[in-house]
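Participant: Letter by letter, the chains look like this.
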Amino acid sequence: MDMFSNIALGLETALTPINVLYCFIGVFLGTFIGVLPGIGALAAISMLFPITYHLEPTTALIMLAGIYYGTAYGGSTASILLNIPGTSSSVVTCLDGYPMAQQGRAGVALAMTALGSFFGGVFGILVLSLFSPLISGYALSFGPAEYFTLMVLGLIAASAITEGSAAKGLAMVVLGILLATVGMDPQSGTPRFTFGTLDLMDGLGLSALAMGLFGISEVISSIRTKNDEAAPASARSVTMRSLIPSRDDIRRSWMPMLRSSTIGSFFGALPGTGPSIASFVSYAVEKRVSKTPQRFGKGAVEGVVAPETANNAADQTAFIPTLSLGIPGSATMALMIGAMMVHGIHPGPKMMTDQPTLFWGLVMSFWVGNVLLIILNLPLIGLWVRLLTVPYHLLFPAIVMFIAIGAYSVRYSAFDVLTVAGFGALGYVMRIFAFPAAPLLLGFVLGPLIEQHFRRAMVLARGDLMAIVERPISGVFVVISVLLLGWSLWSTFREAGKRKLLESEN
Amino acid sequence: MPSIDYRDAVGGALLVALGAAFTAYSWMHYPLGTVTRMGAGMVPFCLGVILAIFGGMVLFASLSREGTFPQIRVATPLVVLGSVILFAVVIKPFGLLSAAFLATFVAAFADLSFRPLRNAALATGLSAVAYLIFSLGLQLPLPLFAWPF
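As they're listed, the protein sequences go chains B and H. Each residue of the first sequence is one higher than the one before, counting from 1 in the working numbering. Each residue of the second sequence is one higher than the one before, counting from 1 in the working numbering.
Hints listed in this document are in silico derivations from the structure and should not be mistaken for laboratory results. Don't take every hint at face value.
For lysine to any residue, the following SDA-like pairs were computed, each having C-alpha atoms within a straight-line distance of at most 25 Å [to be verified]:
1) H:Lys-92 - B:Val-410
2) H:Lys-92 - B:Lys-287
3) B:Lys-287 - B:Arg-247
4) H:Lys-92 - B:His-54
5) H:Lys-92 - H:Leu-132
Some chain B residues well away from chain H (every beta-carbon gap over 10 Å; in silico) [claimed, not checked]:
6) Ser-5
7) Phe-28
8) Phe-32
9) Gly-104
10) Phe-131
11) Ile-135
12) Asp-185
13) Ala-404
Yeah, the Cβ is synthetic: ideal placement off N, Cα and C, and Gly gets one too.
Chain H with its partners taken away, still in its complex shape (with noise of 0.2 Å):
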C-alpha cells in the first residue's frame, strides 16, 4: 500500500497552484521586457516558477513517507477572524468604544463557551483599558463615538 503523507501533498499542491498563478497573472497583465531592462512583471514572473518548483518538492518529498493530516478546527477561527472584520466595519462609522466593544465582545466566544454576561463584563473592561491606553495613553485622535445617520 503506497503511503502518502497528505498533509504535504496538498500543501505542496496549493504551492504549485498559487506560483503558477502568480506567474500567469503577470504573464497576461505586466510588461517582462528583457533583462537589461526588466519590465514590472520581470520578477513576479519568475518568482511564481520558483514558488511552483518548491511546491512541487513539497509535493514529490509527501509521496514516499506517511503522515497525519491535523486536525481542523473551524468555528474558533471564525470566530476570531469575524470579531477583527467586525471591528473593521465598525470602527469608522461608530468609533473607537463601539468597535472595542464589539470586537471584544465576539472574540471572547471564541473559546466556544457560551457566557454572554461574562463577555460583556470583560469587553465593557477592555474598551476602558483601550480608551485608557489609546486614547489618553498615546493620545492618538480617534473619535470615542460617532453616529453615521
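Next comes chain B alone, as it looks inside the complex (with noise of 0.2 Å):
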C-alpha cells in the first residue's frame, strides 16, 4: 500500500536524532510558554520564528508544529490551576477544571488533560493523514482563477468568525495585503511604499511583523504596574500520587474524548473556526449530553477532558488546509506557511508528490511530539506548576530581548529590529481600538499570493472579471464568500447584542 510507505517515510524522517531533538525542544518551549499565563501560541511562534532560519526546513516546521501543540498541553495548567486560561483555547477548561482544582483533584484533572490532550493529538493526526491526500489530490486541476477566489473565501472565513466586529477583521486583512505590497513589485519590478530607502526593497520582513505584532504589544499590554500576586497554594500540592484517576474518572471520560476528538478534528480543519471554538463546542456538547448536567461547572471530569481533548484534535487538523491547500485557517497557520517560504517551500497540493519527506516527515513528527509530551507532562507536571509561580517582572525583559536578538538574527539588519519596535507600536495601537490582529498576519502572507493569482487569472481571462464568476469551482468559491461577507457585515451591525450573549456564557 502507498499508504504504508509514506508513513514508513515519515517515520524515518521524524525519527532521525536531530528531528526528535528539535521536536523535543519545540514541545518543551510550547508547554513552557503555554503554562504561563498571558503569552500564546502566536507570541511563542513569532518570538522563536528567526531561529528556525538557520535549520533544515523540515527539522524547522517540526519545531515550530511543536510549540504549536506543546502551547495546547500547557495551557490547560494555568487554567486548572489558577483558573487563568494561559491560551485561548483553554478557556473553557477553567470552569470544571479550577472547581476540581479546589476540591484537592487538581492532579487527577491534570492527568487526564494529558491523557485527552494525547487522545485528541492522535486522532487528529489520523485524520490529517487520511485526509490531506484526497483533498490535494482534487487541488491539483485549480488554477489561479480558482486559487485567487479559494484565499479570497479562507480571509473573509477567517476574519470573519473571530470574535468581535466582522467589519474590524476584514479591514484588518485589507491592512495586511496592504502591507505585504511595500517593496518591489515581483511582475513589473517597481518599489511601491518604500519611500527611497534601500530597506523596504525587499519587503517587511514576516518575522518582524509578527515579533511586533504578537510578541511586543503582548508584552507591553501584560506588563501590570503592580502585580507580584503571591503564587496560590494549590499550585504547590501537585504531587505524583495525586496524579493517579479513580476508574469513575476513566469510566466518565472515554465516552466524551470520543465525541471531542471527532468535533475538534472538524473545527479544527475549518478555516475561521479552530481549537478555541472547538472547545467551546465539545464543552456545550458533553453538557448536553450528560445525564448529569448539574454537575458541570462544579468540577466535572468530562468538563475537563472534552475541551482540551477537542484543542489538541483541533491543532492537528487545522494542518489539513495548510498542507494540502497552501491556505492557512489561523494566523498560527499562517506562520507556519511563511516559515515554509522562508526555506524556499511553497506548499500546497503538490507539496505531498514534490517533498514526500517533508510532508509525512512533519505529520509523524506529530506523533513523536504527542509522545514527547505525555512523558514530560505526567512526571514533570510539578515543574510546570511552579513555573507559574515566576513573576511576570522577571519575565518580560527576557522576552524583549529574545524577540531584539531573534528578529536581528534573520539578516544581520538593525532595520529589522526597528521595523519590530514599529509594529509593537502598531499592535499596541490597534488593541486600543480592539482590532484583532490575526486577520492582519493572515492577509500579510497570503497577499502577494493573491495579488499574483488575481493578476496571472486577470491575464489569461483577458480582464474579463467575471470569468472568474464562471468558471465552476471558482464560481462556488464567490458565491459562498458573497454569503459569508454579507452574512458576517450584517451581524457587525448587531454584533451589540451577541457580545452580551457571550460574556454571559464565560
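With the hints as a guide, bring both chains together as one complex.
Facilitator: Now the structure itself:
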C-alpha cells in the first residue's frame, strides 16, 4: 500500500536524532510558554520563528509545529490551577478544572487533561493523514482563478468568524495585504511604498511583523504596574500520587474523548474556526448529552477532558488546509506557511508529491511530539506548576531581549529590529481600538499570493472579471464568499447583542 | 442624547484615512495600468478603497451604540518600545552583550518600579543567557563586544 510506504518514509524522517531533538525542544518550549499565562501560541511561535531560519526546513517545521501543539498542552495547567487560561483554547477548561483543583483533585484534572490531549492529538493526526492526500489530489486541477477565490474565501472566513466585529477583522485583512505590497512589485519591478530607502526594497519581514504585533504588544499589555501576586496554595500541592485518576474518572471520560476528538477535528480543519471554538462546542455538547448536566461547572471531569481533547485534535487538523492547499486557516498556520516560504517551499497540492519527506516527516513528527508531551507532562507536572510562580517582572525583559536578538539574527539588520518596534507600536494602537491582529497577519502572508493569482487570472481572462465567476469551482467559492461576507457584515451591526451573549456564557 | 462608541468611531475614522492615503499615494506615484495588464499601483489602489469602506462601516456602526474608551497607558509602551529601539541602535557599533544588557536593563523599568540594582542584576544574567543560547548554542556569528571609535 502507498499509505504504508508514506508512513514509513515519514517515520524515518521524524525519528532521525536531530529531528527528535528539535521536536523535543519545540514541545518543551511550547509547554513552557503555554503554562505561562498571557503568552499564547502566536507570540511563542513568532518569538522563536527567527531561530528556525538557521535550521533545515523539515527540522524547522517540526520544531515550530511542536511549539504550536505544545502550548495547547501547557495552556490547560494555568486554567486548572489558577483559573487563568494560559491560552485562548483553554478558557473553557477553567469552568470545571478550577473547581476540581479547589476540591483537591487538581492532580486528576491535570492527568486526565494530558490523556485527553494525547487521545485528541492522535485522532487528529489520523484524520490529517487520511484527508490531506484526498484534498490535495482534488486541488491539483486548480488554476489562478480558483486559487484567488479560494484564498479570498479563506480570508473572509477567518476574519468574519473571529470574535468581535467582522468589519474590523476584514479591514485588518486588507491592511495586511496592503502592508505586504511594500517592496518591489514582482511583476513590474517597481518599488512600492519604499519611500526611497533600500531597506524596504525586499518588503517588510514576516518575522518582524509577527514579533512586533504579537510579541512586543503582548508584553506591553500584560505588564501590570503593581503585580507580584502570591502564588496560590494549590500550585504547590500537586504530587505524583495525586495524579492517578479513579476508575470512575476513566469511565466517565472515554466517550467524551471520542466525541470531542471528532468535533475538534472538524472545527480544526475549517478555516476561521479553530481550537478555541472546538473547545467551546465540545464542552457544550458534553453538557447537553450528559445525564447529570448539573455537575458541569462544579468540577465534572468530562468538562475538563472534552475541551482539552477537542483543542488538541483541532490543532492537528488545522494542518489539513495548510499543507494540502497552502491556505492557512488561522494566523498560527499563516506563520507556519511563512516559515516554509522562507525555506523556498511552497505549500500546496504539489508539496505532497514533490516533498514527501517534508510532508510525511512533519505529520509523523506529530506522533513523536505527542508521545514526548505525555512523557513531559505527567512526571514533570510539578516543574510546570512551579513555573507559574515566576513573577512577570523577571520574565518580560527576557522576552524583549529574545525578540530583539531574534529579529536581528534573521539578516543581521538593525533595520529589522526597528521594524519590530514599529509593529509593536502598531499592535498596541490596534489593541486600544480593539482591532484584531490575527487577520492582519493572515492577509500579510496571503497578500502576495492573492495579488499574483489575481493578476495572472486577469491576464488569462483578458481582463474579464466575470470569467472568475463563470468557472464552476471558482464560481462556487465566489458565491460562498459573498454570502459569508454579507452575513458577517450584517451581524456586525447587531454585534452588541451577540457580545453580551458570549460574555454571559463565560 | 446620542450615544456614540468613541473607540470605534475614532478607530473607523483612522481606517478611512489610512485607506485613502494608500489609494492617493498609489494613484499619484505608480502606474495603474489596465485590468488585463495591471500596473504596480492597481492592487494597492483598490485595496485602499476597500479598507476605507470597511473603516466607514466600523465608524457607521459606532454611531448608534454606547461604548467606553479604553484607558491608554503611555509610559509602559514607551519604555518597552524604547528598549527595542535602543537594541537596534547599539547592536551594530557595540556588539551583542552591550545591546542585550542595555535593552533588558531599560525594559525592566516598564513596570514603573524604580529598582536599578535589581534591573542591573537581571540584565547581567540575561546577557549571559543570550551568550549561551545565541553564541554558544546556535553558533550565530555575532560579535560580543565592539567599539566603533
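Participant: All the hints need checking, so say for each whether the structure fits it.
Facilitator: For each hint, the structure was consulted:
{"no.": "1", "hint": "H:Lys-92 - B:Val-410", "result": "holds, 14 Å"}
{"no.": "2", "hint": "H:Lys-92 - B:Lys-287", "result": "violated, 58 Å"}
{"no.": "3", "hint": "B:Lys-287 - B:Arg-247", "result": "holds, 21 Å"}
{"no.": "4", "hint": "H:Lys-92 - B:His-54", "result": "holds, 20 Å"}
{"no.": "5", "hint": "H:Lys-92 - H:Leu-132", "result": "holds, 20 Å"}
{"no.": "6", "hint": "Ser-5", "result": "holds, 35 Å"}
{"no.": "7", "hint": "Phe-28", "result": "holds, 14 Å"}
{"no.": "8", "hint": "Phe-32", "result": "holds, 14 Å"}
{"no.": "9", "hint": "Gly-104", "result": "holds, 34 Å"}
{"no.": "10", "hint": "Phe-131", "result": "holds, 33 Å"}
{"no.": "11", "hint": "Ile-135", "result": "holds, 28 Å"}
{"no.": "12", "hint": "Asp-185", "result": "violated, 4 Å"}
{"no.": "13", "hint": "Ala-404", "result": "violated, 4 Å"}
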